[in-house]
Amino acid sequence: MNKRTTCPYCGVGCGLIADPTDTQEHIAKLTGDQQHPANRGRLCVKGSSLHETLGMETRLLKPQLYGNEVDWEQALDEVAERLQRCIREHGPDSVAFYVSGQLLTEDYYVANKLIKGFLGTANIDTNSRLCMSTAVAAHKRVLGSDTVPGCYQDLELADLLIITGSNMAWTHPVIYQRIAAAKQARPEMRIVVIDPRRTATADIADLHLDLAPGSDASLFTGLFSHLLASDALDHSFIDKHTEGFEDAQHRSRAAAMDLATTAQRCQLDREKLQTFYDWFTQTEKTVTVFSQGINQSINGVSQASTILHCHLATGRIGKPGACPFSITGQPNAMGGREVGGLANQLAAHMDIENPAHRRIVGNFWGSDRLPVRPGLKAVELFDAVADGKVRFIWIMATNPVVSMPEADKIKKALTNCDCVVVSDCVADTDTLRLADIRLPAAGWGEKDGTVTNSERCISRQRAFLPLAGDAKPDWWIITAVARRLGLGKQFPYQCAADIFREHALLSGQDNAGGRDFDISGLAMLDNDAYDQLAPTQWPYPVAARAGRARMFEDGRFFTRSGRAQFVDTTPCQAYSSDKRWPLVLNTGRIRDQWHTMTRTGLSARLQQHVPEPFVELHPDDMARLGIQPQQLVQVRNELGSCTVKARATTAQQTGTAFMPIHWNDCFTTAARPCVLIESRFDAISGQPAFKQTGVAVSPLPCRWHATLISRHRIDLPTHVYWSSRRNTDWHITTLAGDCDLDIATLKTQWASPGRTWAEMDDGSGDEIRLLAYDHNKPVIWFASQRETAPDIDEPWLVAAMHATTLNALQLAAGRASGQLASGALVCSCHQVRESTIVDAIVSGCRSVESVGEKTRAGTNCGSCIPEITALLTTSSTTTTLSTKTSTTTATATTENVC
Amino acid sequence: MKQTKKLVIIGNGMAGSRLLQELVKLDNEQLSITVIGAEPGPAYNRILLSSWLSGQVSEAEMALATRDWYQRHEIRVYDNDPVIHIDCKQKQITTYTKNVIDWDYLVLATGSRANRLNVPGREANGVMCLRSLQDARDLHKLIRPDASAVVIGGGLLGLEAACSLADQGMSVTVVHNAGWPMNRQLDEEAGNHLADSLRLRGIRFHGDANCSHFNTTDNGSQLASLELADGTVLPCSIAIMALGITPEVELAHTIELKTDRAIKVDAWLQTSKPDIFALGECCQIGEDVFGLVAPVYQQARILAMVLNTCASSYANANIRALPCYHHQPTPTRLKVSGVDVFSAGDINTSAHNKSMIWRDAQQGHYRRLWWRDNTLQAVVMFGDVSDGNRYAQLIETQRIVASRSQEMFGLGDSA
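Going down the list, the sequences are from chains A and B.
Going letter by letter, the first sequence gives residues 17 to 914 in this note's numbering.
Going letter by letter, the second sequence gives residues 2 to 416 in this note's numbering.
Be careful, since some hints might not be right.
What follows is a list of derived Cβ distance ranges for each label pair [to be verified]:
#, chain 1, residue 1, chain 2, residue 2, range
1, B, SER222, A, THR764, 53 to 61 Å
2, A, ASN792, B, SER351, 34 to 42 Å
3, A, LYS763, B, VAL58, 44 to 52 Å
4, A, ILE43, B, ARG373, 50 to 58 Å
5, B, ARG200, A, GLY642, 50 to 58 Å
6, A, ASN792, B, PRO41, 50 to 58 Å
Covered stretches of chain B (in silico footprint by chain A; criterion: 3 or more residues with CB under 8 Å from a CB of chain A, positions within the stretch not fixed) [to be verified]:
#, stretch
7, 351-357
8, 400-412
Because the hints were derived from the structure by calculation, they are not lab data.
For glycine and all other residues, C-beta sits at the position ideal for the given N, C-alpha and C.
Produce the entire structure from the sequences given, and follow the hints as far as they go.
This is the structure:
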């Protein structure tokens, strides 16, 4: 039976329709939900590949205590016992929860209620600290509440759309596609992309400001100064609805950020900057979308607040097509904020340090033990683990060993921690490897609850598959532990709806319009109505008939005075380079991966777009450092080192580098950029600065490069680098090493599963191929060469290995007879490779649309359109060249014949 | 007025008969042709002797020409009548039966003789070669399904003979003076594969063997066993010597033609005497002598043109303007025990600087390519010979390939 649900990836929160075709095997068909307001049926490439990620093979199916599988009773008893003992022996602040924007609101609510309500500590923080806490802090300081003022439609309605610190073409593709469509319909709509990198998002930009890394604060301070200098202000709005404007004016004058200074600080062309300022000044309907480039900075709150100031000063808030817009990274970062999952929040957008709020929540929960101080924020929390102050930590649905700055320190801290409990739906993550107690959580498709997307829209995630193995919903697990702590009365939940009703009721408690977050109008939903709940934008107070698209339309803010605040936004020290680590490393997502790849890593087609971890560098830097494209390099600083492939791109400024955040020890040797990132964070929000890190990059000498395809994970020969991924039933591993390989040793090492062998041996180790068979079926395919890994046609090879119709010699070739390897995968949805697209271009396709008609590339989610555009540019040039070449050849041939 | 030139060809084997066929194609009325064969009957295909022995082909199928064919093309044939004398001054030859025949142009196609082992007991009944149809007929009479045979020499012909005997139910041992069979064409690993496949067919391979003598039955006339230098005694009623061939140059010596290992000819097959030519196994071009059929056929084609030109010209025919012989290394193909073996190029030269091996234990396939940088020098294949022609061409043209390994996998840019 079809069920509507919500995508588990980014903060766009797209609706999906799930059609489970085989619940036993966890197989389902998934399509975009035409009725969901976020996506209207569209899906990005990650969403379109969700069906490939539902299998049970990598799931954690049973609770484990210290490496042994146990039943739930034993596991829960142990968690409760360890938790109680720790509090008894070391006090309430010795325990902590570290949770996640991947949790559903109901799970989140119960976790927060347990620790803040009944354990005597506020030591709960979430991975939203790493992405949204800056936006939260800025919203609260300037607007008085953590309220996203606008909605997605505003992004389409804007006449000027500023996208800063977001590569939304890849990170929020569906919203990007909506914007691209709006721009196509209204070409006069202007788009400015502010990013040190020329990202795919910049493709639709009228203006790309490639500012110096970390100079965002200067840019927006300069903009604010310009608004003052050119009197492009909405004086009426400022007078009626804001406070602190005069101080802001003084500070702005003191900062003296005129155009020339700003241009110099940001290393921007003055004319470009002037254009940006002029456009901003002239355009009433302006939306500024900001994301991690703004948030993940030591100046994050200052930057985000300045953006809000610019909108307040021009009165561009709460109006169609005019607002600042923070876009969230995770599916339920917003839900987490709503339940108060951050250490400095309480619940339902109430503050822990506000006695009135504590009273409301305490009364509601029936607890007089609410902590009066905020708990530890993520970085401090893991520092406390490292220092032995926190001795019990329960990590839910997140992977801090990969995602936290100074990740190796986190690893060490968890290794030494008395008790690490990890709830996760998969069996192996870098963090799970350090857990004493592993709890199998329900996965997406099995969970039931709600999530809130970036435009405050609450949508249901519905279960359409049975629970895998012994897995349980997170709320169930937490509730079961709470009951073992004697809190059965306070945790009576039988289903997610019970929790949602309580959460909704709390949001309306003593509210009367004084707090932004009020969904008490949903508190009376019965189980059926909850199950049927359509996507709804909050607030939704009692007696509401619909959700609200925009906030602050009346200019009233959730501050004591009802006015928005101009606050001090003086930035701290900007990033300064260290000549030992001369390159500024930026981090971010790539198109086809999500977070630490526990889910996207299961999809073969998602893995093919960018199969290996990499660092992107400007070609000039590569030449200077003696690095060839695709060469293995070490990216390092005093904190650690990563081993990745170098990629050349002029999208990168000279002196800068970029690494994706996804790869980790489950997929490769060493590619967690977070091991390089210092734990510097914004003083107000506590959000770490992930975007500017000093590193050095140097080539890593290797004696051989290899590709290994195996049925199962097998021991690797001595290597300096490996990177592994899945393709159907096969593990594809890329390898490199610095000491010579020897076929005999490989055969010994792989004696299981290899029974008989086929091999190519050139006696010098320059080139090796080795195939192992077990009962006439190929089980291992290995090829190594000196300079680069062998050029193979992976889809062909995997299919051929599976079919077992070809002999070993044909398989060893790695590609079909008469076929060139077909290049990188461009369109993941329709599995269209570069060569096919280039052929289409050579045969006359001159636009993305015509390439789409011919090859289907780019016609589903559109995520690859920027790449098709790039191919259209490069291939049309190459076509001219190759035509010339073939003419020359033809002449030569004629001469020979004569 | 037409002036007929008399052409006499001495030898009606593979080379002589092929030359006739090429001449017939040219249909030159100014040539009057006589061919003289030492063996009885018309020409036959010597390569098929082993197949005939196994009963796979009939004698008729082996024939290269019929008596009728010679008649139709007005070719005079003397068979079973070896030439015993050549007179260069009178330009005549004399046969064993005292036929005296005039010639304007003489072609020596005397072929070669099989090498024999010069050890005690070699005269015993059962010790023989397999060179001629008569040899094959004699051998055929000796075959007894349950008896044992020894083949001395593990080259191409020896192995073919061994297989024929084994096909007849005999227990066969191949003794060879090298460590593995076909050691000129195969490297050790391929050779060992071949030995293994022979063994599966019931043929034992005895390598690194030196023959000491033949033992005979009590009455001394019948072969009883072969004894090796190390004392091993191999009981047998048949011993076939397959020890290679020696060019037949006796007649050439009598008329003082220049010889080396064989009769020296130039690329137009002309000997040191302008009116006398030689081709086939009895000739030598540069350093090359010949044992396989492909180069001999090429020689026949060229010599036919040369003779055609000579006959057509009144004087001083410029045969140097004609296409000449180009030596092309001939790949060796062998199908024994249902297993394909292929070898091309010279695996024993030092011209290569890299060799690559492919082993497929699953299928029992083996191939090895020898390269000088990116040009192929030699190849050996066992089991799967599908890419043989491509490799032979690569060796012949010395084309530079893009990827050595792709050539190994049959995916070269020539594929």
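Structure-based check of all given hints:
1. B:SER222 x A:THR764: 53 to 61 Å: About 59 Å separates the Cβ atoms of B:SER222 and A:THR764, which means 53 to 61 Å holds.
2. A:ASN792 x B:SER351: 34 to 42 Å: holds, 40 Å
3. A:LYS763 x B:VAL58: 44 to 52 Å: holds, 45 Å
4. A:ILE43 x B:ARG373: 50 to 58 Å: holds, 56 Å
5. B:ARG200 x A:GLY642: 50 to 58 Å: Since the Cβ atoms of B:ARG200 and A:GLY642 sit about 57 Å apart, the hinted range of 50 to 58 Å holds.
6. A:ASN792 x B:PRO41: 50 to 58 Å: Given about 55 Å between the Cβ atoms, the range holds.
7. 351-357: n = 3 at 8 Å, threshold three: holds.
8. 400-412: Contact hint for the stretch 400-412 of chain B vs chain A: holds, 7 residues under 8 Å.
No hint from the list above goes unmet by this structure.
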